[in-house]
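There are 2 protein chains.
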Amino acid sequence: MPLLVQKFGGTSLASAEKIHRAARRAIRAKLDGFRVVLVVSAMGDSTNQLIALARAICSNPPKRELDMLLTTGEQVSIALVAMAIDAAGHEAISLTAGQLGLVTDSVHTKSRIQTISRDRIDRELGNGKIVIVAGFQGIDESGEITTMGRGASDTTAAALASVLNAETCEIYTDVDGVYTADPRVVPQAHKIDQISFNTMLELAATGAAVLHSRAIEFAKKFDVPIHVRSSLTDAPGTIIMKETSGMEAISVRGVTLKEDLAFVELNAVPNTAGVAAKIFAEVARNHILVDDIVQNIYESGRLANLGFSTDASDASEARSVCERLIVDLGIGGVEIDEGVSKISAVGVGMRSHTGIAATMFDALSKAKVNIENISTSEIVISCIVQKEDGPRALRIIHDAFGLDEAESSSE
Amino acid sequence: MPLLVQKFGGTSLASAEKIHRAARRAIRAKLDGFRVVLVVSAMGDSTNQLIALARAICSNPPKRELDMLLTTGEQVSIALVAMAIDAAGHEAISLTAGQLGLVTDSVHTKSRIQTISRDRIDRELGNGKIVIVAGFQGIDESGEITTMGRGASDTTAAALASVLNAETCEIYTDVDGVYTADPRVVPQAHKIDQISFNTMLELAATGAAVLHSRAIEFAKKFDVPIHVRSSLTDAPGTIIMKETSGMEAISVRGVTLKEDLAFVELNAVPNTAGVAAKIFAEVARNHILVDDIVQNIYESGRLANLGFSTDASDASEARSVCERLIVDLGIGGVEIDEGVSKISAVGVGMRSHTGIAATMFDALSKAKVNIENISTSEIVISCIVQKEDGPRALRIIHDAFGLDEAESSSE
Chain L
110 MPLLVQKFGG TSLASAEKIH RAARRAIRAK LDGFRVVLVV SAMGDSTNQL
160 IALARAICSN PPKRELDMLL TTGEQVSIAL VAMAIDAAGH EAISLTAGQL
210 GLVTDSVHTK SRIQTISRDR IDRELGNGKI VIVAGFQGID ESGEITTMGR
260 GASDTTAAAL ASVLNAETCE IYTDVDGVYT ADPRVVPQAH KIDQISFNTM
310 LELAATGAAV LHSRAIEFAK KFDVPIHVRS SLTDAPGTII MKETSGMEAI
360 SVRGVTLKED LAFVELNAVP NTAGVAAKIF AEVARNHILV DDIVQNIYES
410 GRLANLGFST DASDASEARS VCERLIVDLG IGGVEIDEGV SKISAVGVGM
460 RSHTGIAATM FDALSKAKVN IENISTSEIV ISCIVQKEDG PRALRIIHDA
510 FGLDEAESSS E
Chain Z
110 MPLLVQKFGG TSLASAEKIH RAARRAIRAK LDGFRVVLVV SAMGDSTNQL
160 IALARAICSN PPKRELDMLL TTGEQVSIAL VAMAIDAAGH EAISLTAGQL
210 GLVTDSVHTK SRIQTISRDR IDRELGNGKI VIVAGFQGID ESGEITTMGR
260 GASDTTAAAL ASVLNAETCE IYTDVDGVYT ADPRVVPQAH KIDQISFNTM
310 LELAATGAAV LHSRAIEFAK KFDVPIHVRS SLTDAPGTII MKETSGMEAI
360 SVRGVTLKED LAFVELNAVP NTAGVAAKIF AEVARNHILV DDIVQNIYES
410 GRLANLGFST DASDASEARS VCERLIVDLG IGGVEIDEGV SKISAVGVGM
460 RSHTGIAATM FDALSKAKVN IENISTSEIV ISCIVQKEDG PRALRIIHDA
510 FGLDEAESSS E
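These protein sequence lines are chains L and Z, in that order.
Mapped onto our numbering, the consecutive letters of the first sequence carry residue numbers 110 to 520.
Mapped onto our numbering, the consecutive letters of the second sequence carry residue numbers 110 to 520.
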């Protein structure tokens, strides 16, 4: 019997009526002949409400206790969804990460999945039950409760779909798919019907908030298609899958805006072997997430300017780490700009289509948007700009790459 | 180093300020030289809010899922209290029932403690931490999440105090101790300074809501004094402890009112050996809590009328159980009165002080309160009355036993 994983985000569970709707979708899939596993997030705004409770107690709560607190949100959801399925006359059982056996490392608030046990879930599916799993959470090897970062319920869903060899991992959300740009910023943006794992990975990494990057990584590794679709309609959304032929015709597939970044610039870094490795080892050890890295050398290669972007929320921790590194490694200094955004164009063969970078820089220059840093890869070109320029810059490049005119598209 | 268990109820944790106050009490006890274990309930009204969420989904949620839902309330509290202690510069760690190893049977919503592991709690106390335990919840042997019934955080506290050989189990609440009657019903009621486990057991069993009966049973068995006191002041409350001498002078210690009861009357029950056993075995198997049992025989002992009181919420289940029993055992019929209350006088040597029952019946008769059923024991006399007569009947017997005049008292 084929297996389907369905993930429902917080907005799709924000009321009793929406919970019943999610339950009906799961039941319909079961009646269509699937074994069904649901992964659910915390209801509506409840994670933010729990964070507000914590902030009312203290400004910087211990991360272990924050995980203890936040995981209650998903536990509420699994119980309510199980009740809704039961009320509709079908059998269901809710499972916490601990009951399921979803084991992560011990990095509270930013843990990563290590192993997932199939035993319990297979047993419950074998008994004909719809299984409802709490997203976002895990337990470490000593039974401590962990979380995997905001939005990580997608990762739970994709990881389960991978381990269980699901036919598809459906992600139900409040938008009807992946767009060429965020429609709230770029009104001309349109839905993409199909997109490859790699292109979607870059869209997500550069700011498309519709799906968590690690979810796509899991699905890519195990070749499980992800279907991002609306919880309100039956219309198909965007299918994220293995690359198909005929892609090279389209270069830029979408543009993204990533806000709330800080750019950290280390000046006059001695350009000797191992210095960059030491810097980023220390940054990683402090669990600071690094976005892009840019390095330029000067003084005949003796010195380098080394910059990286990071979440604005990590900026103050990044500053103290860098100030220690300045002393330890003889670095000239550090400057941190906390008010920046990143705009990116994502597609296929960006470097082989030589005109793409030029088109982007030219359009931004004509619109008087100052580019602070540039980084490029095979499928992404990103520019750091001042936060206040971000939305306008996004609209400019969406138009410059001809995305305004395109109809619904697929690779 | 002596050990103190402090339990904080929902009203004592209803805001950030109250959580900080609970944290300060725990820290003060630690600075006074105690190892400290806190047991906490869900914040304020949050258990009722969770029940309302469930009721919005369905009228009769599966009990396993109700436990999954309700245990999140205590999990929120332990995390927030740990954060408050951390913010005050002291070390704390929160533990769920699963992490602690508090194992119950598998009867969802009404489970009972089977074993409590000391390993984890001893290790954390040994590291100098204040340990915060989620009340009300347990896990069964297969890791399913259970709850022990409303008010069972008291039981968690007393059971932990027993297992850990605590010096005292302090129960912080929104009243300043145990009263001769509920002051909201009987304005003349006054606080009791000391009371024996047995008398307190009867007060709780007959309706004094200040403390859960099973909590007193644990404390009695392991001889751990319970101190019921206000979370708002430092004034001493009521100490519940082993009997001391000089008690016989006082007969009635308090009067109680238990509302929301149903009285189940089985008529023309064949009075042969084993019939009553079969009836109550079947009632227990359906997890219907039986309050008092009253039986009278007639027709030269061939038939009996057998009645018992139960929670009004169990009335409909009691009806279907009894209707099956009528057929199986050849019983005449069943009548259930769902709108009754029980008033009780609790004290020491009620039977040896011959006038007590008469005083009670006489006072009620003069006030035209109709007594429906009577049951008595060594330390309790109870009468079932119509619900609307309950509060007035309570005030009448409080006065009739001279409790209106008494000053603060102790056994």
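A hint or two may mislead.
Copies of the same chain look alike in the list, so a pair counts if it works inside one copy or between any two.
[Claimed, not checked] Derived lysine to aspartate or glutamate pairs resembling EDC-like cross-links, with alpha carbons at most 20 angstroms apart:
(1) 300 x 231
(2) 300 x 447
(3) 219 x 249
(4) 300 x 276
(5) 172 x 214
(6) 219 x 253
(7) 172 x 250
(8) 139 x 283
(9) 238 x 253
(10) 351 x 250
(11) 477 x 352
(12) 127 x 154
(13) 477 x 420
(14) 172 x 352
Please keep in mind that the hints were generated in silico from the structure rather than gathered at the bench.
Checked hints:
1. In this homomeric assembly, residue 300 and residue 231 never come within 20 angstroms of each other (Cα to Cα): the closest approach is 36 angstroms inside a single copy and 57 angstroms across copies.
2. Proximity of residue 300 and residue 447 under a CA criterion of 20 angstroms is satisfied in neither setting, with 32 angstroms inside one chain copy and 60 angstroms between copies.
3. Taking the shortest Cα distances, residue 219 and residue 249 sit within 20 angstroms of each other inside one copy (12 angstroms), while across copies they are farther apart (30 angstroms).
4. Taking the closest pair of Cα atoms, residue 300 and residue 276 never come within 20 angstroms of each other, the shortest separation being 23 angstroms inside a single copy and 67 angstroms across copies.
5. Taking the closest pair of Cα atoms, residue 172 and residue 214 come within 20 angstroms of each other only inside a single copy of the chain (14 angstroms); across copies the shortest separation is 32 angstroms, beyond that limit.
6. In this homomeric assembly, residue 219 and residue 253 come within 20 angstroms of each other (Cα to Cα) only inside a single copy, at 13 angstroms, whereas the closest approach across copies is 26 angstroms.
7. When the C-alpha separation of residue 172 and residue 250 is checked against a cutoff of 20 angstroms, the pair qualifies only within one copy, where the shortest distance is 17 angstroms, while the shortest distance between copies is 29 angstroms.
8. In this assembly of identical chains, residue 139 and residue 283 lie within 20 angstroms of each other by CA distance neither inside one copy nor across copies; the values are 23 angstroms within and 50 angstroms between.
9. Taking CA atoms no more than 20 angstroms apart as the test, residue 238 paired with residue 253 passes between copies only; the shortest distance there is 16 angstroms, against 28 angstroms inside one copy.
10. Taking CA atoms no more than 20 angstroms apart as the test, residue 351 paired with residue 250 passes in neither setting, with 34 angstroms inside one copy and 44 angstroms between copies.
11. Proximity of residue 477 and residue 352 under a CA criterion of 20 angstroms is satisfied in neither setting, with 37 angstroms inside one chain copy and 87 angstroms between copies.
12. When the C-alpha separation of residue 127 and residue 154 is checked against a cutoff of 20 angstroms, the pair qualifies only within one copy, where the shortest distance is 14 angstroms, while the shortest distance between copies is 24 angstroms.
13. Proximity of residue 477 to residue 420 under the C-alpha cut-off of 20 angstroms is found in neither arrangement, the shortest distances being 26 angstroms within a copy and 75 angstroms between copies.
14. Within a single copy, residue 172 and residue 352 get their C-alpha atoms no closer than 39 angstroms, and across copies no closer than 47 angstroms, so neither meets the 20 angstroms cut-off.
Of the numbered hints given earlier, the model fails hints 1, 2, 4, 8, 10, 11, 13 and 14; all others are met.
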